[in-house]
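Colleague: Chain residues, written in single-letter form:
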Amino acid sequence: MKLIIAYIQPEKLNDVKQALYNKQVFKLSVTNAMGCGQQKGFHETYRGADIEVNLLKKVRLEIAVNEDFVQPTIDAIIAGARTNKIGDGKIFVISLDQCIRIRTGETGNEAIG
Amino acid sequence: MKLIIAYIQPEKLNDVKQALYNKQVFKLSVTNAMGCGQQKGFHETYRGADIEVNLLKKVRLEIAVNEDFVQPTIDAIIAGARTNKIGDGKIFVISLDQCIRIRTGETGNEAIG
Amino acid sequence: MKLIIAYIQPEKLNDVKQALYNKQVFKLSVTNAMGCGQQKGFHETYRGADIEVNLLKKVRLEIAVNEDFVQPTIDAIIAGARTNKIGDGKIFVISLDQCIRIRTGETGNEAIG
Amino acid sequence: MKRLLLLSGVIVGACLLLAGSAFGQEESGASEAVAQAAEVVAEAVEPGPSLEMFTVNNVWMMVATFLVFIMHLGFATLETGLERAKNATNILFKNTLIPAIGLLTFAICGFNIAYPGDTWSINGILGFAGFGLHLPEGGGTSAYNVGYTYWTDFLFQGMFAATAATIVSGAVAGRVKLLPFLLFSTIYVAIAYPIVVSWEWGGGFISESFHDFAGSTLVHSVGGWGALMGAIILGPRTGKFVNGSVKAIPGHNLGLATIGVFLLWLGWFGFNGGSVLSADAEGTSFVLLTTNLAAAAGIIAASVTSSIVQKKPDLTMALNGCLAGLVGITAGADVVSPLSAVFIGLIAGVLVVLSVLFVDRALKIDDPVGAVSVHLVCGIWGTLAVGLFRMDGVEDGSFISQLKGVIAAGVFCAAFAGILFLALKYTIGIRVSREEELGGLDIGEHGMEAYSGFQIFTTT
Amino acid sequence: MKRLLLLSGVIVGACLLLAGSAFGQEESGASEAVAQAAEVVAEAVEPGPSLEMFTVNNVWMMVATFLVFIMHLGFATLETGLERAKNATNILFKNTLIPAIGLLTFAICGFNIAYPGDTWSINGILGFAGFGLHLPEGGGTSAYNVGYTYWTDFLFQGMFAATAATIVSGAVAGRVKLLPFLLFSTIYVAIAYPIVVSWEWGGGFISESFHDFAGSTLVHSVGGWGALMGAIILGPRTGKFVNGSVKAIPGHNLGLATIGVFLLWLGWFGFNGGSVLSADAEGTSFVLLTTNLAAAAGIIAASVTSSIVQKKPDLTMALNGCLAGLVGITAGADVVSPLSAVFIGLIAGVLVVLSVLFVDRALKIDDPVGAVSVHLVCGIWGTLAVGLFRMDGVEDGSFISQLKGVIAAGVFCAAFAGILFLALKYTIGIRVSREEELGGLDIGEHGMEAYSGFQIFTTT
Amino acid sequence: MKRLLLLSGVIVGACLLLAGSAFGQEESGASEAVAQAAEVVAEAVEPGPSLEMFTVNNVWMMVATFLVFIMHLGFATLETGLERAKNATNILFKNTLIPAIGLLTFAICGFNIAYPGDTWSINGILGFAGFGLHLPEGGGTSAYNVGYTYWTDFLFQGMFAATAATIVSGAVAGRVKLLPFLLFSTIYVAIAYPIVVSWEWGGGFISESFHDFAGSTLVHSVGGWGALMGAIILGPRTGKFVNGSVKAIPGHNLGLATIGVFLLWLGWFGFNGGSVLSADAEGTSFVLLTTNLAAAAGIIAASVTSSIVQKKPDLTMALNGCLAGLVGITAGADVVSPLSAVFIGLIAGVLVVLSVLFVDRALKIDDPVGAVSVHLVCGIWGTLAVGLFRMDGVEDGSFISQLKGVIAAGVFCAAFAGILFLALKYTIGIRVSREEELGGLDIGEHGMEAYSGFQIFTTT
Ligand SMILES: Nc1ncnc2c1ncn2[C@@H]1O[C@H](COP(=O)(O)OP(=O)(O)O)[C@@H](O)[C@H]1O
Ligand SMILES: Nc1ncnc2c1ncn2[C@@H]1O[C@H](COP(=O)(O)OP(=O)(O)O)[C@@H](O)[C@H]1O
Ligand SMILES: Nc1ncnc2c1ncn2[C@@H]1O[C@H](COP(=O)(O)OP(=O)(O)O)[C@@H](O)[C@H]1O
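Going down the list, the protein sequences come from chains R, Z, E, H, D and V.
Sequential numbering from 14 applies to the first sequence in this note's numbering.
Sequential numbering from 14 applies to the second sequence in this note's numbering.
Sequential numbering from 14 applies to the third sequence in this note's numbering.
Sequential numbering from 88 applies to the fourth sequence in this note's numbering.
Sequential numbering from 88 applies to the fifth sequence in this note's numbering.
Sequential numbering from 88 applies to the sixth sequence in this note's numbering.
These are calculated hints, taken from the structure and not from any lab test.
Do not rely on the hints blindly, as some may be mistaken.
Distance condition first, Cα-Cα at most 30 Å in a straight line; then the derived DSBU-like pairs of lysine-lysine [said to hold, decoys possible]:
id, chain 1, residue 1, chain 2, residue 2
1, V, K399, V, K451
2, H, K399, E, K98
3, Z, K40, Z, K15
4, H, K491, H, K451
5, E, K98, E, K36
6, Z, K70, R, K15
7, E, K70, Z, K40
8, R, K98, R, K70
9, R, K36, Z, K40
10, E, K40, V, K399
11, E, K98, V, K334
12, Z, K98, Z, K70
13, E, K36, Z, K36
14, E, K40, R, K40
15, H, K491, H, K399
16, R, K98, D, K399
17, Z, K98, Z, K15
18, V, K512, E, K40
19, H, K334, Z, K40
20, R, K98, E, K98
21, E, K98, V, K512
None of these values were measured; they are calculated from a predicted model.
Given only the sequences and the hints, what does the whole structure look like? Please build it.
Modeller: In structure tokens, the structure reads:
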């Protein structure tokens, strides 16, 4: 089991969700986050004082999947999120030791989906 | 050392915290998140146009624990969060390589608690 | 590759970012979180009823780095965040299996930076 | 939902049916204006206020009317700010509908119940001058009243009427079902409120001895009794009282709440200032003085009391204190000295804080905005204060007659509201499901969030 | 940005240049007041209103002026609340500038186009009494008008003027570029609006037979046509219509939106009440009555309609319903019976909901706040309703002449707004880039967030 | 906390003690109304304003009073919106208490210091007519003043008084301790403000030659000096100036800030319109005209200036520009031509932007809302502008006498505020701890968040 973490542009969330659905990935968790990457920030000014805004709004996805879903999930995220512009985001994959469904107590592969 | 991630219903947070305290787990971090799982979303309408809301409000817990606290922590989360209704949530367990307390620089098992 | 997660005091974020820059760590993601640790909460009252606030505002950093950047990153976080007061926070290190840049499809060490 | 349609149908139906007969008579109203204006000029020769004075008076009353109107926005924002974000849309919806319902039902029947003239069915207790608005002979001139036209009279009184229902809204926020609440409001404002008003301002059985200048009892405690019965019958919000301990459920937007209180204070310039029923310079300015001194005193007293009792000064208590002072001075604004006004306000400010705590801790009644403490407790206090503080030479308003008035209104309103809420409870139900409550009434009743896109973290 | 400077230069330049000639004449205005006051006293002996009556009238008109003024805050908050958080600063900025631009351009030329007196260039269609404000002989006394001074006249009308531009603002929110929008507003309010006004209130070619009491057509549909053309020419916001299906783009702050509607309702006390142009007791109070009944009826009807059509009662529809009722009654507030006012409001309330859905679903025009439905559709409805509901004895306002007026204003405004928007589109461009739109106009146009620090989660 | 109790005790104690003697005399006030009304009628035969005219005047002054009242909500929302979310409760609390403190202290002593009549202790500089409100003979009639009753006089002036303290509030926001701030406000509004007022409006030593129509100097710069001294003595907010560079600390709610400015603009209809001290048609309408033109010009000029200097148009600067224009016109609203009003507003709008930048960058004084730039800089500008722009025939207000007045008020206020702030600093302390500041004053001083449940991400 893997935990896939992805940072994407907020406005691509709907496309990514659609792409995931197409690959039968229905479960995911979303947080809003701010990111600092290759994408340059922008300058805000407020009452004449400069603010360098280098934390840009991003959406963070967390998706736990079984091994055979890892690649499809990654593909789907890329399909949904890629615009070829700087700021498109990153995907991180982590090994998941265990997964438990709170409602039933099921564990492991059964619990994940 | 393990990192335990759990998604629960927002209104169960207090119960889960209580259950964790009972098991001597005092440290945790909380983020608000939105989740997409077996629980069906609901329909909002706004000025006659439909919105299918399938990202439901969840609370995300992150708890780093030593090995011997893993099971008690999981048990506590389940005890506090379970309602037997769809949407109760999931628990994920990840291996933690290292843990450092910023204040003291302590590392490993000492730092975690 | 490692994923470094850190919880710090919100007001130290700018210092931590500066310290990371000094160590050539330019990429990171930030979420706002609430934490429960050694730091005691405070009491709010609202219309005479007590609220024990034990979830304090924290900032959560997530930084994916190559092996050789792990220690510098940890050092930088500590340098920026330490005040020697309770509540300074924690750093957690997790093994990262994979990293993919959405824009280019690059993977692994190349994708991380 | 179906029920809402039903209600709506009933309201609209009633509107249409009744309105036909109701509004019929004055069809030619405005077009007669010119003729009547001429008449007025003629009359100006006879004794009676000059056309100029009548016009000034009417201008003042119209100003007072829009000030009272804006109180509805005050109530809406105060109540919204003091409840949780997840119920904001619901509260705003209720408070937008209430003035609409209030005005229309007051046109259909309320006005003619409140001011039955000589059409009493039960002498001094219940009268009804018929459905709808009928411009009386000379209704647009000072022949109707030296202070205002018939239309101004109706509008000013109509704006008052809806406040009684709005007061209830705050106490039942966060768990009441929309349709039964609107039904309650409609009936309460259409029947209960005007009946009580008729007893005093309509010339009824307490009008001789009771003194309630602008409605500490007639408006505020009428609303307050409804609030109390509603809060009791509904029960507390989930999470308010847990294992015998009282939990705070903080309001989500204190800026909105503060806007609400300032708008209510502003509205009181018209609520009390307009209750002089003319622009009489000394009368109106005196009333504005006592009103403002009491509000100021209420703020100070509540802030101090809250600092002592709660350790830190509580903004929501200061805001409640302002309203407490205003409600307190409303009964006697014209007959107490400025110094007494300050005292009445100070005591109201102390009272409201203690009452909020008492309602919470001792009575374990959940009143999210403090409506019971502000409107009922301070409404009673203000009414009785007339008996204690009235200036020499004021004939009505002895403590005993004040007490009688308070009791009469209280018994009637508590019974009426109680029965109505219970009837609704055991028929269509008055409380949303626990799940809907936890998820918020905005989604449950309206499928719509008040703060779309904002990350809101609520565990209550 | 450069363009904004340019515009600003133009505005300020125009200000300075024109103002020199424009304001020159009345330099000694205020200092003549004393002399004129004496005159007035002298005149008081002759027929004409007494100084007292003149003063009351003028007070009422000044009150009406500040009520209309506060409508600009109403528009600002309503529009802001119904769009997304990321565009809030931009909307607030636009709505702060519009009254400023409106007042200044109205002083420079608008007032003298709207009220050309006998300086018609094209008879009854286009006139211009010259640049700037020139206090006429006796302009501070009742010799100018029984109801107000020249200054009051200008201010009251000037506050009206800016509303026409504000209405457009709502329909183009979320994607229009700041500078071209301000250019559009400046020209529309300086030229188009006053021309239409001159046709009716300025004594022009429809003034005999057309009846538009306070501007269902002259103000609201003028704004509404601009809104419609703007929304069409700009195209929908990104994400509004996706693969033929209509997506909701929820407003971010319904509390703000509700404040907006209540302030607009409040403002209508002055918008309609002031359009009596004196404090005449019967006239003003009658107009306030019809106005308020229509607003209340609009709320009820829109709530019911929305409950039926949308399954759950939609707060934003109830709010639109209120405005719909108000816009609807504006043309005939003085000539329809109270019962008719209720009907006009009810129909407007139904109409506005259906129109919002129709514009969205059938026309696929993206109007974030419903400006077209509220101001254009209900403005037309209200104007025609005069023909259907006017009381016996009212001479102007037959259905046919109402229709003619609607068409005249419509053709002119649609053409004017359409050409102006297209001209801007093909010169400096009127729409922000897709990227700026996605990131929000607050950052794009102002480099500033409206809710600094708040975590806002928007995927649209 | 303990100190707050102390303060509260002092205030309430003072209230009770002084009030006893203070309010004693007019106990029978209202009850004499009828008798006096009769008198008035009798008097109407003699020269003097007719009862009608007196009543109109008084109505206008009461309207002006509530307009000035609502400015307090404007200040509250503007200041709250321009500071961070974590300090919102604190700011709202301060701004709720200030009008209460202002009104009560003005009743206790301020009014009688400001208007000492013939009780000067130091001729033309310091007088005191005794504690409390004492209805003078005929105080409810035109024998007191042709424009208003004694009660109206007090209320209108009392509403003004509190604004001076509110202005200070904005400049010290985000780091001042609650109790010392309230102490400062109480003393400043009870003593310093009325002394300065007495010099001009109370008939003191500058009243012959100085012209300050509605208080560019007497109100705004009095507040502005307090703001300046407070901001200097407190020092900047943590994080404002870091290693010599100026950091932005963005306000958290620009919608709230915009509401604030529009309410202030609205309030200025009464602030300036009421300062005519009667409803005189030409006088009031002229003043409203100049006031509104200056506000509009201020918005335009500040927007343009900000677009040039800051590259993008800054909403908060446009808002400040509006207030700048209003403050600027306040001294000369009655004696400058409309064209001059536009110029005064334009210059004020430019000035305020440059001043904000100068205060930030050159002086390194941290003034979160721009109170110094708006009220002090533009207050001085407006006062001097009278000397430059007054119309022919205006006798007072030469540049030199204006300058003298500005200096007199400035020296006194800067000294008074400086000493008072320093005294508080070295006794009870005026600044919260760094930790409390970082965590926010809402938690620190009130244990309560303004936006409970909202996720707010602040690193400053
Ligand atoms: N090494 C990293 N650690 C943590 N977050 C990262 C890292 N690299 C990228 N991110 C996240 O991904 C987002 C997009 O990264 P960016 O470099 O701008 O994208 P791209 O690689 O397409 O140019 C960043 O804003 C940040 O939130
Ligand atoms: N595979 C997954 N990956 C990421 N998050 C998940 C996953 N499965 C569930 N979740 C999170 O857990 C929440 C509850 O899941 P759900 O399936 O509704 O609970 P239950 O299993 O009790 O029915 C979801 O809303 C989502 O936030
Ligand atoms: N075991 C843990 N699991 C998850 N989060 C933790 C853990 N320990 C600490 N944290 C996070 O770190 C923050 C700071 O911890 P705290 O114990 O107060 O710091 P310190 O160790 O410097 O006293 C906490 O508020 C919490 O968010």
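Colleague: Now tell me, hint by hint, if it's right for this structure.
Modeller: A quick look at each hint next to the structure:
no.: 1; hint: V/K399 x V/K451; in the structure: holds, 23 Å
no.: 2; hint: H/K399 x E/K98; in the structure: holds, 26 Å
no.: 3; hint: Z/K40 x Z/K15; in the structure: holds, 13 Å
no.: 4; hint: H/K491 x H/K451; in the structure: holds, 28 Å
no.: 5; hint: E/K98 x E/K36; in the structure: holds, 24 Å
no.: 6; hint: Z/K70 x R/K15; in the structure: holds, 23 Å
no.: 7; hint: E/K70 x Z/K40; in the structure: holds, 14 Å
no.: 8; hint: R/K98 x R/K70; in the structure: holds, 15 Å
no.: 9; hint: R/K36 x Z/K40; in the structure: violated, 37 Å
no.: 10; hint: E/K40 x V/K399; in the structure: holds, 29 Å
no.: 11; hint: E/K98 x V/K334; in the structure: holds, 26 Å
no.: 12; hint: Z/K98 x Z/K70; in the structure: holds, 15 Å
no.: 13; hint: E/K36 x Z/K36; in the structure: violated, 40 Å
no.: 14; hint: E/K40 x R/K40; in the structure: holds, 28 Å
no.: 15; hint: H/K491 x H/K399; in the structure: violated, 39 Å
no.: 16; hint: R/K98 x D/K399; in the structure: violated, 42 Å
no.: 17; hint: Z/K98 x Z/K15; in the structure: holds, 28 Å
no.: 18; hint: V/K512 x E/K40; in the structure: violated, 45 Å
no.: 19; hint: H/K334 x Z/K40; in the structure: holds, 23 Å
no.: 20; hint: R/K98 x E/K98; in the structure: violated, 42 Å
no.: 21; hint: E/K98 x V/K512; in the structure: holds, 28 Å
Of the numbered hints listed earlier, those contradicted by the structure are 9, 13, 15, 16, 18, 20.
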